[in-house]
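For this one, chain A is given, so just place chains B, C and D on it according to the hints.
Chains A, B, C and D, in that order, are what the protein sequence lines are. Using this note's numbering, you'd call the opening residue of the first sequence number 1 and step up by one each time. Using this note's numbering, you'd call the opening residue of the second sequence number 1 and step up by one each time. Using this note's numbering, you'd call the opening residue of the third sequence number 1 and step up by one each time. Using this note's numbering, you'd call the opening residue of the fourth sequence number 1 and step up by one each time.
Fair warning: there could be bad hints in the mix.
Since the list gives no way to pick one copy over another, a pair counts as held whenever it fits inside one copy or between any two copies.
Pairs of lysine-lysine, DSS-like flavour, derived with a Cα cap of 27 Å [said to hold, decoys possible]:
| # | residue 1 | residue 2 |
| --- | --- | --- |
| 1 | LYS6 | LYS59 |
| 2 | LYS6 | LYS27 |
| 3 | LYS230 | LYS165 |
| 4 | LYS98 | LYS221 |
| 5 | LYS165 | LYS52 |
| 6 | LYS260 | LYS52 |
| 7 | LYS281 | LYS52 |
| 8 | LYS165 | LYS260 |
| 9 | LYS281 | LYS98 |
| 10 | LYS27 | LYS98 |
| 11 | LYS98 | LYS260 |
It is worth saying that the hints were derived from the structure and are not from the lab.
Number of protein chains: 4
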Amino acid sequence: MADTMKVAVMTGIGQIEIEERPIPIPKEDEVLIRIKSVGVCGSDVHYFVEGKIGDYIVKPPFILGHECSGEVVEIGSRVENLQPGDRVTMEPGIPCGKCDYCRSGRYNLCPNVVFWATPPVDGVFCEYVTHSASFTYPIAPEVSFEEAALVEPLSVGFYASGRAKVEPGRVALILGSGPIGLVTLESLIARGLTQIISVDIFDLRLQKAKELGARWVINAKEEEVTQRVKEITQGRGVDYVFETAGGVSTTQSTVEVVKKGGKVVLVGLPSQSRVELDVIKIIDGELDVLGIFRYANTYPGCVDLLNAGRVDLASLITHRFSLEETGEALKFAHEHKAESIKVVVNL
Amino acid sequence: MADTMKVAVMTGIGQIEIEERPIPIPKEDEVLIRIKSVGVCGSDVHYFVEGKIGDYIVKPPFILGHECSGEVVEIGSRVENLQPGDRVTMEPGIPCGKCDYCRSGRYNLCPNVVFWATPPVDGVFCEYVTHSASFTYPIAPEVSFEEAALVEPLSVGFYASGRAKVEPGRVALILGSGPIGLVTLESLIARGLTQIISVDIFDLRLQKAKELGARWVINAKEEEVTQRVKEITQGRGVDYVFETAGGVSTTQSTVEVVKKGGKVVLVGLPSQSRVELDVIKIIDGELDVLGIFRYANTYPGCVDLLNAGRVDLASLITHRFSLEETGEALKFAHEHKAESIKVVVNL
Amino acid sequence: MADTMKVAVMTGIGQIEIEERPIPIPKEDEVLIRIKSVGVCGSDVHYFVEGKIGDYIVKPPFILGHECSGEVVEIGSRVENLQPGDRVTMEPGIPCGKCDYCRSGRYNLCPNVVFWATPPVDGVFCEYVTHSASFTYPIAPEVSFEEAALVEPLSVGFYASGRAKVEPGRVALILGSGPIGLVTLESLIARGLTQIISVDIFDLRLQKAKELGARWVINAKEEEVTQRVKEITQGRGVDYVFETAGGVSTTQSTVEVVKKGGKVVLVGLPSQSRVELDVIKIIDGELDVLGIFRYANTYPGCVDLLNAGRVDLASLITHRFSLEETGEALKFAHEHKAESIKVVVNL
Amino acid sequence: MADTMKVAVMTGIGQIEIEERPIPIPKEDEVLIRIKSVGVCGSDVHYFVEGKIGDYIVKPPFILGHECSGEVVEIGSRVENLQPGDRVTMEPGIPCGKCDYCRSGRYNLCPNVVFWATPPVDGVFCEYVTHSASFTYPIAPEVSFEEAALVEPLSVGFYASGRAKVEPGRVALILGSGPIGLVTLESLIARGLTQIISVDIFDLRLQKAKELGARWVINAKEEEVTQRVKEITQGRGVDYVFETAGGVSTTQSTVEVVKKGGKVVLVGLPSQSRVELDVIKIIDGELDVLGIFRYANTYPGCVDLLNAGRVDLASLITHRFSLEETGEALKFAHEHKAESIKVVVNL
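Chain A on its own, in the form it takes in the complex (with noise of 0.2 Å):
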């Protein structure tokens, strides 16, 4: 093995240049992962178009990237979980395991996380990573690389939808079709859904939603969703909402279309913070409207639908490039958003 690897590195703004950098050694419970496939996750987009999400300021060099997949190739001294040769799916965040929110079981509110591709942390867009073996999960031989990588966007619905109870029989709203939106959808159904309505604005991404098996789809430019949601729940509104798009009038109409008692699961962060939401339906319709960040203790049960054919990931994957066409896998997932749904980068 060589002792430096490639690198696709953020330089500025919407450039990325590859570098040979080092390849990093495993601590003892760590293990050295040979990259083979990453994902392109919108928030990857947004910090190389903005430079930014939020308080998150990218200072270059950086490197983005952290829905991924790959074989381990080294394992620290003390590693018992993990061979070389593992074919493995890495969870991007390594909570501290030490602080309240840690120790009651919420780790994705953990102050002193470390995760890809969230500055100042560097992402996986290169060729070996080191990484906590606790967090990085073995997959079935069946399973592509691919496929893999997309644990990491699969874990958020799968998480939206754990922390939502949801149960079977009772009828779903998926505002936004992206990758998001679509692993949503199916979580949903791989915990026993049936009645599922997916929006969006692009009908590739229906189409996708409605191959995956929801059962009415809504294009919101050619229809009112408000009113095609009452026509389909015959007046009486959906039990869970789930906001994927990010948009603000989609937020502010999760509590026109939910049900009393029903639940909004806020999964999409809008461009602006401040949305006007009708109180008095949530206090008059009693109902729960729940933020999702992130997603802890997800992994498993991931890998495992993964593993079982339950979900299908595969089918998500529209366009594929290189680690050396990393900036233009970028400036792709950027640009095409009606022609595409999910861009990896494989190695």
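Structure of chains B, C and D alone, referenced to chain A:
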């Protein structure tokens, strides 16, 4: 017993007249109750002054009042849990018992509920009323009728704190220290919380909050609430916020003062339905924003706390009127918020 | 329509006679249903053969049968959710709707419940029955009456898995692969579990378990279950155990095979009440041992899963009889456990 | 500060000798604490007298003691939450923070936990100890060191009551009124319960239960518990039973006295693992039988209740010894159960 009774009838906006009406006859599963005390609720005042709340419009003649207690004077043929002479408090809403909400334990959301003093259902500012024996609860000899009438508002605070699944050791903030804010305070204390911050703009109410066990009080006219809460919590924010003031700015402030993973409980109805909320705080902070509509399954617990002296409802009562003075009671409650907390009508 | 109907009446232990009885008349909130299919439940067989289950003693003449479906032929004056001609399945127990259990969502524990074929309440081995419209559920055109009758046993497995709050990614063990074991299996699969071990002593049942999606099956006559489970789980034990066999030794084994923090769900009634359990395993392992009594709030979810083809009830049916053959059906189910799974009576 | 300290070492069954040992040196995330008070736990007595508990076998020399408090005398280089001079209580078990149990909030089940006085990990009957700063909690100036040491047993009762999700208004039965029974009582009262029945065979303990707020007490030597509980509850049974006595017959009685839908919480370890339970009561009554192993996430809440004076730990202490008398303290606790409740060693 006479055949007729006195009834305080709302004959128009701001008008109450005393009429004689027939005493009702209990059905086989009902009891006839001689009313002894009726609390004046903010909703009574609102109907009295404005003639409506949202879509609920008073069509006079109408009877207000739903927080009440009394003495059983007659029982229906199939009533087994009560006897004439029993001193009781009554849960004012009778749900259908058959719909999905009723069957799953959320009967407060029953669309077929019959609730006193919610148009077009008459309330209890009168001498006698019939009521389902199942929703009529005996009280201990030590408990006064006045206190028993206030089990109804106590239920709101008790339910809100239960829905939030509060735990001892956590920090709670209560926005508003009117009757609902104060019974929320008492419910939180009864459930083992010791670190509670009460907020209001009237000193009388804050003084009462302090007496009832609030560790900190903030007069929002004199101190910047968000800033003061951060000081008290050393920058961390609170675990739970209960909004009972029904204000637009207080509702907005809930998501500013709560910590990550915390809960925002919305109890008070703001005067305008649309309120700008910082939804990014909800999402990034993974908050639960929970609406509260009345209560369900609270009376046994609230009566128990009252019987055992674990809550103090007597000291909430600042002013008393007779049934003949019902109009004055409503006017007083409307015009003297700064000097009063709870106004009751005793018979 | 004639005035009378055929009824299969249990006239003594092991005796069924066909009688003519008047067709009942629905009350205002009831419907009259032409029965189309009735599943034979283990409890029916038990009453038929033994004349009692615990304190419930059959006093002939008595009508068995409670797993059923049919067609609405007449509706009461206040029924709005159904029409004559509707194809339906019926929840066999009508709770009081008023007691503490009913109000808090656990209506299966209602002490006043009226439940078909539980002495002294007659069941539905007959041509017509009246039933509360609220507990009568329309089924999709694609669903057969036979399948619809089996929503009742499905409810048991669906409820048991719901009460255990099962999560995808976890490992479940089902002791017993009779009808209840198999619907538990199907419910777990519907809720996203992929790693399920089914156990029985009859190969026919294990083969069915395999077809329905069990990843592993164990014939307890051929393999030592505890040992085999440890192998499968690499020594860790399972997350959930469902005891549906009603055996003493299977009940005892539950706490041996479950991992720390796991859940033991007891569904099957053992023939003797007192069973030696290793309580130190319960305490040190911090287990949840959860009893299951019938179900509550399951029909909408189960009908939805059936309508959507997410569960396969048809393939559970191995033998069919006519109403006139009800006695034979019961005898067959009693004597041919090894060769049958579900026996139904079709009309 | 000297280099060595006094340590009370168990040198054989029933033998304690005082030795001089080096004072330990805190790691960067640890603090050095001067021990001030150590409670004698039933497990300490058991190890002292029997040399083992189940699979945990003492290999002398061994140090007992894990309920403790003290004063911080030195802090590691990365400790931020504590200062020398801080008065503190210490959580005796340090979990790994990485396993599935730790990550999901159930760190008490961590297989890698390092817990004081659980062989082979030494305990704290000594002058100084080092401990993780994250598991060391400051106490209020009003709280004595003796009381602070008893936060550990309080945690058990607090956790058990929390795991049972107890609600005000419900009726609880506590079997056993030793230290754990009494802190369970206090935890239930702190969480708003008023109707609590305490049981024991020693009058001293029942008198203490009465003083601490039990509404009813039963001396099991004088009254038939099951019968008396039925009388108190008018035949209904209790909502919750907490078994803290660790008796075979008390464990058996739990399912007899609890009502349908109730909860049985097993805290005390019986001397024999196999106990005959009426499992039909568990199934038909749809009980939750919940094992309790230590506690997790309880210290902040328990310290808060103690600081606020909501629990009374001081009055549990009946006898005091010095470090030199540790052997006598253990012997006394073993031989004088009837006359003592909590024995502490003060330094």
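Numbers of unmet hints, in rising order:
Violated hints: 4 and 5; rest satisfied.
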